[in-house]
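S.K.: Heads up: the sequence lines are chains A and B, in that order. Quick note on numbering: the numbering used here labels position 458 of the first sequence as 459, and the sequence is numbered without any gaps. Quick note on numbering: the numbering used here labels position 273 of the second sequence as 419, and the sequence is numbered without any gaps.
Read the hints as simulated data drawn from the structure, not as lab findings. It is possible that part of the hints are untrue.
[Claimed, not checked] Stretches of chain B that chain A covers, calculated by requiring three or more beta carbons in the stretch to come under 8 Å of a beta carbon on chain A: (1) 170-182; (2) 205-216; (3) 255-265; (4) 330-340; (5) 406-414; (6) 418-430.
[What the hints assert, rightly or not] 20 Å max Cα-Cα, derived SDA-like pairs, lysine to any residue: (7) A:Lys171 with B:Met420; (8) A:Lys497 with B:Met420; (9) A:Lys11 with A:Asn69; (10) B:Lys422 with A:Leu202; (11) B:Lys340 with A:Gly156; (12) B:Lys361 with B:Leu165; (13) A:Lys497 with B:Lys361; (14) B:Lys340 with A:Thr409; (15) A:Lys434 with A:Ile230; (16) B:Lys175 with A:Thr265; (17) B:Lys175 with A:Gln276; (18) B:Lys425 with A:Glu170; (19) B:Lys425 with A:Lys434; (20) B:Lys422 with A:Ile230; (21) B:Lys175 with A:Lys129; (22) A:Lys371 with A:Thr409; (23) B:Lys425 with A:Asp340; (24) A:Lys171 with B:Thr148; (25) A:Lys55 with A:Gly459; (26) B:Lys361 with A:Ala155; (27) B:Lys422 with A:Glu341; (28) B:Lys425 with A:Gly156; (29) B:Lys422 with A:Pro333; (30) A:Lys171 with B:Phe272; (31) B:Lys340 with A:Glu271; (32) A:Lys171 with B:Phe262; (33) A:Lys423 with A:Ser334; (34) B:Lys425 with A:Thr478; (35) A:Lys129 with A:Ala155; (36) B:Lys422 with A:Gln276; (37) B:Lys422 with A:Ser334; (38) B:Lys340 with A:Ile230.
Since the structure is predicted, the reported quantities are computational estimates derived from the model, not experimental observations. Every residue, glycine too, gets a C-beta built ideally from N, C-alpha and C.
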Amino acid sequence: MERIKRLSLKNNGPAADLKDIPLLDYEAFYEHVADLLNDEQNHCLSYHGVRSGKNLILYCFMAKDADNSIEVCAHEVAVETAVLKSLSALHPAMHIFEREIHENHGVAFEGHPWMKPLRYPCDRHNRKNTIDTYPFYSIGGEELHEVGVGPVHAGVIEPGHFRFICNGEKVLHLEIQLGYQHRGVETLFTTSDNGLQRAILSESVAGDTAVGHALAHSQLVESLAGIEISADLKAERCIALEMERLAIHIGDTAALCGDVAYQTGQVVCEALRTQVINTTQLWCGNRFGKGLVRPGGTNYPLNDDIAHEILNLLEDTGRRFREITDSIYSSPSVLGRFDEIGTLTRKQGFLAGVTGPSARMCGIVRDIRKTHPFQYYSAINFRPIVLDTGDVLARGMIRNLEAFQSMTLIKELITEWTKMDKRGSSRPVYDYKPKPDTFSISLVEGWRGEICHIAMTGNDGKLSHYRVKDPSMHNWTALALAVRNQEISDFPVCNKSFNLSYCGHDL
Amino acid sequence: MTGIVFILLTAFFFPGIILRTKNIASGRKGPGIFQPMKDLRVLLKKGSIFSPTTGIIFRIAPSITLSAILCASLLIPFAGNAAPLSFEGDFIFFAYILAMGRFFSIIGALDTGSSFEGMGANREAFFSMLIEPAFFILLAAFAMFTGYTSFSDIFPHFYVSESDYALIYSIIGCFLLVQIAMVETSRVPVDDPKTHLELTMIHEVMILDNSGFDKALIHIGTYLKFAIFGSLIFNSIVPAGWHFLLQSALFMLIQVVFAIAIGLLESFRARNKMNKNPKYLLTISAIAMIAFVVTLIITKKLM
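Make the full structure from the sequences, and use the hints.
M.R.: Below is the structure:
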């Protein structure tokens, strides 16, 4: 086989020229990607199509954890006639990307096992596919029954439809149908040239990951426009990201307790989460960290008072959280509900392509902070926490352990930050000028997992394509796998333990 | 008649005390103890909305269930006076009039044609079937012990019998009745009345389609059940011969302690996994069985 030209990038690195991306023919592309995916240390960050006249260029971004690099390759097809051999047949984790390409551009993939609509975008290829005509999987049989839940749920839950096929109380199959939240986020990034609008939009990709997505966006813009930021801002951003992680992990612990009717754990953790997000509010005026991370600078530089407040918070919250988690994870009635429920095996995790805590709880070491370090993470010693049981208990426990890890990280970062030269007030940059015909990729390890933003510029220097990949996209499949052969009454606690985003998936 | 008045009176503040206990135990302020009653008043003023898929059964089920529970409350004696309704073997009537109420709420749920409610009805039928032996075996032990088969005869003769074992019996009876009451009224650990997750519900999911006035009737039924089981507990603890005023005071006290106990039990434990429930329920029956065997030995009917 001829040697393939490669383009290798680093996360958080400078923008690269679009013309440097090797354009392969499909045979070579297919073999190269399939070959890379055979190695457990590689996974696909994004595989998406960009229109170029009558043709479609499919870009594949592959994360290689072994040497901390990202490899990019592409393939060009004529949209109307294209019938491609499906990569999902070999590597099921690619299924969602191929479904997306099929839905948006009508490219057919031969041998794809599950070619269903994904999110019904307005400009989808086949307008006849509507959310009402979704082709549900079904099994015949007198003893089976179907239970449909949603799209409207009780409580404050986003819309999504779950269809269970059950034998009595046992779930044989769960199909998750999303798309109700589609807002056209990716298109909105390119329709306006207003940097402030884009920054606000990035915070709203998934409301519970405002800091994570804003950071991914800011990083991307800085890379495209060649903006350098100071080390202390990098540290501040990491503190913000860890504060978000801490708040969500504590909140999720509360919700897990709530789902099994353990009131004490629920109310104590809810109160602790409030303390954390209130401290974020003290810092930037918003409890969810909106407005905190902006491209090129910040409106809310960290100061000694706030740093002191954060340290006080960690002291108090850390102690109380340890007390309550000790009692949660030593209570037999709670353990009985978590232990060996909704197990995702390591193999299933790989097949589904899980990321974030959902990967680390079943023995898959995937943490962007370690493998593709961004911002200040490259300067600190970070070791991902990995558990291997893959059940609800592991997902609860990894939240518990990561919350404490976040506290340690924040303390470390603040210590480093205190020693730094503080730059003058660098204000956010909204009228940035990206270089023409370039592209960049930005990865962030949000609390839910790997957030990937990719942007490409046209020859006029404006953003021509923007791509967002939220960790939920792959992790939803993992949830569907985890509830197989479980009791249907354990679905809510399994669902909560993954805590996936509907709008992050639907964009 | 005093018994009935007392049962109605305690049912009035029972749910409020549970709620208040749970709020205090979780460090929250929470609403006052009459909040459930205020909610009930709002519901009673509202009309009911019926889904077009439901039929007559769904409409009459809440009323039948409530009247069955009211009828059951007529069988409970108080302070040595016979209950308004009493006859030999009335404890069987008591169990099955409650079961009939439940039967109607189950077919009412099935009448909606919803997969959720069918699931809930299925669980309710299964779990209430499993708790039934516990109640009968316990009552059979009481009947053997005293030699009577009516509530109004069993309780007055509880402490006057020759045996010194009455206290042990009242304690076992009290323990079992608390457990049975928790299951009958759909509380933690078998069910969780507070959850919003339909897939985990048992009783709550059966009444999803009920609204307004009908829903109020269902709530009143549940509150009454608390008070009925509370008064059974009272009857098995307090000797019928004591002074009427003392008995009245103790009745109130026991109801309040019972409500607080439910609140505390719910605050500090999680609910069972659904497939552990059968084991849990059969364990309650097994404890009742032990009590029964011991009675046989004491009354020299065995060995």
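S.K.: Broken hints, numbered, in rising order?
M.R.: The structure breaks hints 2, 10, 13, 14, 19, 20, 21, 24, 28, 33, 34, 35, 36, 38; every other hint is satisfied.
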